[in-house]
Structure formats: structure tokens, C-alpha cells
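2 protein chains.
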Amino acid sequence: MKPLENLMGWRESIKVFDATLRDGGLVNNFEFSDEFVQKLYLANLKAGVDYMEFGYKASKELFDPNKFGKWKFCDDEDIRKIVGNNDTDMKIAVMADVGRCDYKNDIKDKKESPIDLVRVATYINTIPQAIDMIEDAAKKGYETTVNIMAISQAQENDVKVALDMLGKTPVDCFYIVDSFGSIYPEAMARIASLYLEYADKYGKKVGIHAHNNQQLAFANTIETVGMGVDWLDATYSGMGRGAGNCYLESLIGFLHNPKYNIYPVIQFIEKYINPMKEQGIKWGYDTPYLFTGLLNRHPKAAIDFVNANRKDITELYNEMILMD
Amino acid sequence: MKPLENLMGWRESIKVFDATLRDGGLVNNFEFSDEFVQKLYLANLKAGVDYMEFGYKASKELFDPNKFGKWKFCDDEDIRKIVGNNDTDMKIAVMADVGRCDYKNDIKDKKESPIDLVRVATYINTIPQAIDMIEDAAKKGYETTVNIMAISQAQENDVKVALDMLGKTPVDCFYIVDSFGSIYPEAMARIASLYLEYADKYGKKVGIHAHNNQQLAFANTIETVGMGVDWLDATYSGMGRGAGNCYLESLIGFLHNPKYNIYPVIQFIEKYINPMKEQGIKWGYDTPYLFTGLLNRHPKAAIDFVNANRKDITELYNEMILMD
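Same order as they appear, the protein sequences are chains A and B.
For the first sequence, the numbering used here begins at 1 and goes up steadily by one.
For the second sequence, the numbering used here begins at 1 and goes up steadily by one.
These aren't lab readings, by the way, just hints derived from the structure by calculation.
A few of these clues could be false.
Pairs count within a copy or across copies, as identical chains cannot be separated in the list.
Unchecked claim - Derived lysine-lysine pairs resembling DSBU-like cross-links, with alpha carbons at most 35 Å apart: (1) Lys-311 - Lys-108; (2) Lys-259 - Lys-300; (3) Lys-108 - Lys-160; (4) Lys-81 - Lys-311; (5) Lys-39 - Lys-60; (6) Lys-104 - Lys-81; (7) Lys-15 - Lys-311; (8) Lys-46 - Lys-311.
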């Protein structure tokens, strides 16, 4: 059992990370209005959020800018239109995917950019490319994290090698990413323990990005907080791909740090998140996501099912079980 | 961390308890069709569920039978119409609330009844009445559990005294009941540890009944399973008062016991649960329930808000915070 102080107190080192635009952008093709983004920025400031992720730094060679909202690309000038010089305590983050961005050209020197942190998203088999991206971003003056996706499908020995390789880079934080929402808190505790061991060895932080396929995104997040994981991803009402993420309002409700404030989060949900849901933008726990979580699979089949308004969950389960 | 066997293996002593009709009845006034109940019984049999709760044994003096569905009262003959002699391995349960039932008259001898288990629901301040009900039911030949409700508002010292008193009765199982869905897994682990200590002392089992106000019903349930809690309440798609309960399909997906089968649960959800939701019967996580969970309050204000189709969650939060 964790010490009672962990329940009643708070740690200065905890960082709340709002990933609404980035993971939520996967739901609505990054088509957020400027008003939405502006008000989200203000809500995050009032709520005491530490980092706000604006979206991806995707390559315009690989992705047609006419087919996505601008937060798929996060041009510096688009961010600046929202944040000005961002003379606040909140930092600005973007995500760069291995193999999907032209980081050498698209990520400018920190001096020229409103961005503070570059999050490098990688699978376990593309760590060398991730390292090149981390080194490039660090050299340009950014904080960096490495987000090893789909950790539920990686072998523990590979993870150990990866963390040793990454430990030697300038990366600031190792992120545990449960892309498929398939990890139970007991197993998450084992993973966090491994990450914390390597983080300790190399002087890094550990973060968590959870998905809600089994309604465990919040539970997994707070399981690892109690163990020493410090960087906590969350989104407003869990907005994110498929079953979505850890709910920011739940997380702020849980943390006892007087720095955080749930009230602006509630106001933003009422005014901007719930109306979006009512307009038919879909995310959040639903039975099909339980299936992909249980089977440790990418949520694509479940997302397609939900978006097609299919109701035949038994047939979906048959399709998935017979698919192997 | 829990031993790895707990993750990969299974325990014979675990009992899955379907509370759909009883806690779900609080959502739809116990107005389930006979077909629904019949098919639920068959689905539970196929799924390997150990106990099926049919509803309450409420007093017809206190509650007008014309104003509730029949599962508010659970007459033996109504249960028998569904289960016949119930020549199966699944046991039949009902709940009896302290102060809301005429147990001396309405609960017949086990020999005359299809019921196997009487669950006595009590608050911490009505333990003596609960004990009288337990002794009455045990004398008549029933298994019994005691479900101490709203445990998040009870003092630990009072709980200890209650468990000592209950330990000396014939009750088979102490139930942890997080009525307000306000308990975090870390705190739930402490409560389970206390209950298990007293259960061990008196040779009793421990059960858990969780609510989903903070999306922690499933997480809290599996947190305690890993510690030795054996009787696990769940409902189909979490159907239950307010934010609902632990999802039976999630729980069966988690348990590794080959006795349990998720497939009939999925079929039942498709055919009977989802259509009920589409007809407007409301339960499950929603922001107002997060508020009552965070504030450790009865969900009534949130239920009223949701049923009134109100959208002004900020105003609800104001009302609740200013209420004290």
C-alpha cells in the first residue's frame, strides 16, 4: 500500500499535461475553431495546467494541408496567433511522430518559436530515429519527451534496451503510452516501476499517457502517480482517439495541489466540449473499445464500428475473435 | 506490487455477482419485462455468473406495489416464474434494506423459497437492526451478506466496531459498498485491508460493490480482487443508480477463470441493454456524477440534473459547492 501522504498531500514535481488538441484532433481531424483553441488556452492557464499540447508537427509533404485542420501541422505562426509571446508559466508542446514529420526543416530554433517542448512519438522498433529527433530538438533548444507507443505489445527486454539508449540522450522524460488501453493497473504498476528505475539511473522524469478502452485511463494514471510518475497526460472530458484519454477534470479533482483549479475546466466543458459531443463528434468508452482493449489491438476496428453507427456488437466481437 | 500469479491465474473462491436487476431497478423503477428477466437469467447461466440478484424485498406497507415493478418486492412466486426450481449452479439473491422491509413476515423459510442468499443493506448506524435481520435470515436457512453502505462517510473506528459485531453473527460475507463512488483505489486498498483483517479473524468472506462516479468502479473492484476480496458485484454495462456500477463485461474480461464466458454477456447487451439505453433510460458516468463523487455526496442532485436534461454543469457545481 502507498503511504498515506500520497493520498493527502501533493508533489511539486507533478506536471499536468493537456493533450486535448493533439489526441482530440484525431477525433475531429484537427478542425478546432480559433475561438475553441483560444478559450482552451485561457482555461488551461486558469486551471494551472503545466503544458498544453497544440497538435502534431506533421510533414506537409506526407499530409495534404487541405485535408486536415491546422493543428495537424502546428506552424509557429498559428500557435503565436493564439498565445502571442506566451508570457505565462504554462509551456507549449507539440508532438512529432517518427516517420511522419520533416523535423530538420519544420522544427525551427527554439529562439524563433513559441514552442517549449517537442514530444517524440515512436514505436519500440524505431528508437534510433527517435533518438535523432530528440537530439535535433534538444540542440535547437527544446525540452523533449519520448513517448514509446503501444507499450502493451512491446517485449520487456526491448523496453529495457530502449530506455538505456534513450537514457543517454538529452531527453527529459520517458512516457509510458498505453495506446490500446489494454493495461490493467497491476500491470501498469510493473511497467511504471521499470521506467522509474531507468529514469532514476539517468536522471529523467517519467510520464503517462493512458487510454480509456477499459475505463482505466484515470485509474492507471493515478496508480502511477502514487509510484512517482510525474508528467500526467489528460484531456478535457477525455477527448481523444477512440475511447479517449484520462479525464482532465478527474485528474485535477484527484490532485491535492492547490495550484490546480477544476472550475475553469468545468466551464470549458459546458461551453465547448459538451456542445461538440452533441454535434456528433464521437469519443469515449463504448463496448467495442472494451473489445480492442481486451484483445490488445489498435482501436481502428472499434472506431469504424462506432462511426458507422453499427449496433451489432456480437458480430463485431465475432469478426475480431475470428480475425487471427 | 501484487504477485504476478494474481495477474495470470485465477482463484476458485471468486464469485461474480450480477446486481443488474437490483441496482439497475433503481434506474427504471424495477420495470423490467418478464422476457428481459428470463433472458438475463439465461445469459447469466451461460456466462458462469455465481449469484444473480433479483431485486429488493421491500415492504408492501411502506411502498405501494402499484408504483413499482415487481422486482422491488421479489415475491417468491415471481422469482419462481423465471427460474422454476433453479436446478443450476447459479444462486439467487435478494436485497433487504434495514428499515424498509418486513423481513420477519416477507422472508419465508428457505425450504419454501427459490432464494439462496439474503443481502442485508445497512448504514453504519443501523448495525443492530442489520444483525437482527442476518440472524433471522440465517435461522430460516439462507446464506447472508451484510452490505455496509456509504462507507466513504463512516469513521474507521465505527467500521471496526461494526465488523467485530458482525463477525460474531452467522453472516457469510462483509461487503464494502462505495455508494457515492468517491473512493480512490489507494484508499479502497486500505479499506479492503481492514475488512480482510476482520474477515480473517471471524472466518468470513469480503465482497465489493463499487459505483462509477469517478470512472473507478471497475478499477476499485480489480484493485481489491488482487488483495483477496472474493465476492464481486457487477452489472451489465454498469446499469445502476446514477453513474452505475462495475461493468460485468469488463470484470469477466479481466478474470482468467475459464468458468466465465463474456460472449452471452455481449449478446445480452446488444439485444436488451443497448436498446433500453436508446429508449432513454439513463445511467453511467457523466460530469455531474464526478462532482458528487469528488464531494463524497449522495448522487441525488446529479441524478435530478441528468434526468432534467440540464446542461449547465457550472451552475450545478456552484449549487453543490455553495450548499454547505
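These are the hints, each one checked on the structure:
no.	hint	verdict
1	Lys-311 - Lys-108	neither (47 Å within a copy, 43 Å between copies)
2	Lys-259 - Lys-300	between (37 Å within a copy, 30 Å between copies)
3	Lys-108 - Lys-160	within (32 Å within a copy, 63 Å between copies)
4	Lys-81 - Lys-311	between (43 Å within a copy, 31 Å between copies)
5	Lys-39 - Lys-60	within (27 Å within a copy, 55 Å between copies)
6	Lys-104 - Lys-81	within (23 Å within a copy, 73 Å between copies)
7	Lys-15 - Lys-311	between (40 Å within a copy, 30 Å between copies)
8	Lys-46 - Lys-311	between (41 Å within a copy, 22 Å between copies)
Against the hints set out earlier in the document, a violation occurs for number 1 only.
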